[in-house]
Amino acid sequence: ETGVTQTPRHLVMGMTNKKSLKCEQHLGHNAMYWYKQSAKKPLELMFVYSLEERVENNSVPSRFSPECPNSSHLFLHLHTLQPEDSALYLCASSQDSDRNQPQHFGDGTRLSIL
Amino acid sequence: TQLLEQSPQFLSIQEGENLTVYCNSSSVFSSLQWYRQEPGEGPVLLVTVVTGGEVKKLNRLTFQFGDARKDSSLHITAAQPGDTGLYLCAGDESNYQLIWGAGTKLIIKP
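Chains A and B, in that order, give the protein sequences. In this text, residue positions in the first sequence follow our numbering: the first is 1, and each later residue adds one. In this text, residue positions in the second sequence follow our numbering: the first is 1001, and each later residue adds one.
So that you can see chain A by itself, here it is in the shape it has in the complex (with noise of 0.2 Å):
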């Protein structure tokens, strides 16, 4: 049990379809993110949100909206993704937005591009 937790565990999409990841943490933290994990690659950071607004955006494509409605729950709205956009999505949470605060990870999204 780690105190966040990511739905569905697999996903896999046609690229016209539209779907959405969810993230849920119980651990009464004030920051979420999500990243992106690909093999052999660094985590790369997509969204911050810290107190339910965005605080960071690493130049995602627009086909990934985000959505903070509290500050427990964390959604990535998915539509028209590319086949590059297979990976495992990482939701996590700490305590803020300081960079220097241990994150918390849900155990990810597996997603896969048709």
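Misleading hints may appear alongside valid ones.
Claimed, not checked - Example chain A residues on the side facing chain B (calculated, C-beta under 10 Å, incomplete):
id	residue
1	Tyr33
2	Gln37
3	Leu43
4	Glu44
5	Leu45
6	Glu56
7	Phe75
8	His77
9	Leu90
10	Ser97
11	Gln103
12	Phe105
13	Arg110
As the list claims (entries may be wrong) - Looking from chain B toward chain A, a few residues come up when the C-beta cut is under 7 Å (computed):
id	residue
14	Val1028
15	Ser1031
16	Glu1041
17	Gly1042
18	Pro1043
19	Leu1045
20	Gly1082
21	Asp1092
22	Gln1097
23	Trp1100
24	Ala1102
What the hints assert, rightly or not - Quick list of in silico lysine-lysine cross-link-like pairs, DSBU-like style, CA-CA up to 30 Å:
id	chain 1	residue 1	chain 2	residue 2
25	A	Lys22	B	Lys1105
26	A	Lys41	B	Lys1070
27	B	Lys1070	A	Lys40
28	B	Lys1109	B	Lys1057
29	A	Lys36	B	Lys1105
30	B	Lys1070	A	Lys36
31	A	Lys22	A	Lys41
32	A	Lys41	B	Lys1057
33	A	Lys40	B	Lys1105
34	B	Lys1056	A	Lys19
35	B	Lys1109	A	Lys41
36	A	Lys36	A	Lys22
37	B	Lys1056	A	Lys40
38	B	Lys1070	B	Lys1105
39	B	Lys1105	B	Lys1057
40	A	Lys40	B	Lys1109
Since the hints were made in silico from the structure, they are not lab data. Beta carbons are placed, not taken as given, at the ideal position from N, Cα and C, and that holds for glycine.
Here the structure of chain A is known, so what remains is to put chain B in place on it, guided by the hints.
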């Protein structure tokens, strides 16, 4: 582009052997974190090092932060199959979010 290089990329050894993996950069970090990611799971924080020259021990794992705070190493003594996983380092550099390495994939064979 800020880089944090981890070496080796892949390491497969027998149970009971010792090993060291490295995390190197040209940047100076105010702190550096080590995570382990097991197959099918997310990364889990092992340790944070903050002071140049600092050594931290976690059971059979010894973490060292370089004197100049540009590099770090992880030494595992008497490796066990439970040590298998992807070891990631992440550095806190003043102008960026955490900078992540690509990881060392470690397999310990029984």
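Going through the hints against the structure:
1. Among the interface hints, the one on tyrosine 33 (chain A) holds; its C-beta lies about 9 Å from the nearest C-beta in chain B, closer than the 10 Å criterion.
2. Interface restraint check: glutamine 37 (chain A) against chain B, minimum CB-CB distance 9 Å, threshold 10 Å, status holds.
3. Interface restraint check: leucine 43 (chain A) against chain B, minimum CB-CB distance 4 Å, threshold 10 Å, status holds.
4. A cut of 10 Å between beta carbons decides the hint on glutamate 44 (chain A): the least distance to chain B is about 8 Å, and the hint holds.
5. A hinted interface residue such as leucine 45 (chain A) counts as satisfied when its beta carbon comes closer than 10 Å to some beta carbon of chain B; here the least separation is about 5 Å, so the hint holds.
6. Given the 10 Å rule on beta carbons, the hint for glutamate 56 (chain A) holds: about 6 Å separates it from the nearest Cβ of chain B.
7. Proximity of phenylalanine 75 (chain A) to chain B is violated relative to the hint, the smallest CB-CB distance being about 17 Å (cut-off 10 Å).
8. Because the smallest distance between the Cβ of histidine 77 (chain A) and any Cβ of chain B comes to about 21 Å, over 10 Å, the interface hint for this residue is violated.
9. The interface hint given for leucine 90 (chain A) holds, since its Cβ lies 6 Å from the closest Cβ of chain B, which is under the 10 Å cut-off.
10. For serine 97 (chain A), the suggested interface contact is upheld, since its CB lies about 9 Å from the closest CB of chain B, less than 10 Å.
11. Given hint, glutamine 103 (chain A) at the interface with chain B, holds; its Cβ is 7 Å from that chain's nearest Cβ, closer than 10 Å.
12. Below 10 Å, beta-carbon pairs count as interface contacts, and phenylalanine 105 (chain A) has one with chain B at about 3 Å; its hint therefore holds.
13. Interface hint status for arginine 110 (chain A): upheld, as the beta-carbon distance to the closest one in chain B is roughly 9 Å, under 10 Å.
14. Taking 7 Å as the C-beta contact cut-off toward chain A, the hint placing valine 1028 (chain B) at the interface is violated, the least distance being around 14 Å.
15. Here the hint on serine 1031 (chain B) is kept, as its CB sits about 5 Å from the closest CB of chain A, short of 7 Å.
16. This hint holds: glutamate 1041 (chain B) has a C-beta 5 Å from the nearest C-beta of chain A, less than the 7 Å allowed.
17. Of the supplied interface hints, the one on glycine 1042 (chain B) holds, with its beta-carbon coming within about 3 Å of a beta-carbon of chain A, less than 7 Å.
18. With a cut of 7 Å, the hint placing proline 1043 (chain B) at the interface with chain A holds, because the nearest CB-to-CB distance is about 5 Å.
19. A distance limit of 7 Å between C-beta atoms decides the matter here; for leucine 1045 (chain B) the minimum to chain A is near 5 Å, and the interface restraint holds.
20. Given hint, glycine 1082 (chain B) at the interface with chain A, is violated; its Cβ is 18 Å from that chain's nearest Cβ, farther than 7 Å.
21. Annotation: aspartate 1092 (chain B) was flagged as interfacial toward chain A, and the flag holds, the nearest CB pair being 4 Å apart, inside 7 Å.
22. At about 5 Å, the closest approach between the beta carbon of glutamine 1097 (chain B) and any beta carbon in chain A falls short of 7 Å, and the interface hint on this residue holds.
23. With 7 Å as the threshold, the beta carbon of tryptophan 1100 (chain B) comes within range of chain A, its nearest partner Cβ sitting at about 4 Å, so the hint holds.
24. Interface restraint check for alanine 1102 (chain B): the shortest CB-CB distance to chain A comes to about 5 Å, inside 7 Å, so the restraint holds.
25. Restraint check for lysine 22 (chain A) and lysine 1105 (chain B): the C-alpha separation of about 28 Å stays at or below 30 Å, so the hint holds.
26. With a C-alpha separation of about 20 Å, the suggested pairing of lysine 41 (chain A) with lysine 1070 (chain B) holds against the 30 Å cut-off.
27. For the suggested pair lysine 1070 (chain B) and lysine 40 (chain A), the alpha carbons sit about 22 Å apart, so the restraint of at most 30 Å is met.
28. Simply put, lysine 1109 (chain B) and lysine 1057 (chain B) have alpha-carbon atoms about 23 Å apart, close enough for the 30 Å limit, and the pair holds.
29. At most 30 Å may separate the alpha-carbon atoms for a hinted pair to count; lysine 36 (chain A) and lysine 1105 (chain B) meet this at roughly 18 Å.
30. Distance check on the hinted pair: lysine 1070 (chain B) and lysine 36 (chain A) sit about 25 Å apart at the alpha-carbon level, within 30 Å; holds.
31. Distance hint between lysine 22 (chain A) and lysine 41 (chain A) is fulfilled; the C-alpha atoms sit about 23 Å from each other, no more than 30 Å.
32. The straight-line distance between the Cα atoms of lysine 41 (chain A) and lysine 1057 (chain B) is roughly 27 Å, inside the 30 Å bound, and the hint therefore holds.
33. Taken as a hint, the lysine 40 (chain A) and lysine 1105 (chain B) pair is honoured in the structure, with Cα atoms around 9 Å apart against an allowance of 30 Å.
34. With a C-alpha separation of about 43 Å, the suggested pair lysine 1056 (chain B) and lysine 19 (chain A) falls outside the 30 Å cut-off, and the hint is violated.
35. At roughly 25 Å between alpha-carbon atoms, lysine 1109 (chain B) and lysine 41 (chain A) fall within 30 Å of each other, so this suggested pair holds.
36. Taken as a hint, the lysine 36 (chain A) and lysine 22 (chain A) pair is honoured in the structure, with Cα atoms around 14 Å apart against an allowance of 30 Å.
37. The hinted pair formed by lysine 1056 (chain B) and lysine 40 (chain A) meets the criterion: a straight-line CA distance of about 27 Å does not exceed 30 Å.
38. Restraint check for lysine 1070 (chain B) and lysine 1105 (chain B): the C-alpha separation of about 22 Å stays at or below 30 Å, so the hint holds.
39. Between lysine 1105 (chain B) and lysine 1057 (chain B), the direct Cα distance comes to roughly 21 Å. Compliance with the 30 Å bound is thereby established for this hinted pair.
40. Only pairs whose Cα atoms come within 30 Å are accepted, and lysine 40 (chain A) paired with lysine 1109 (chain B) is accepted, the gap being roughly 21 Å.
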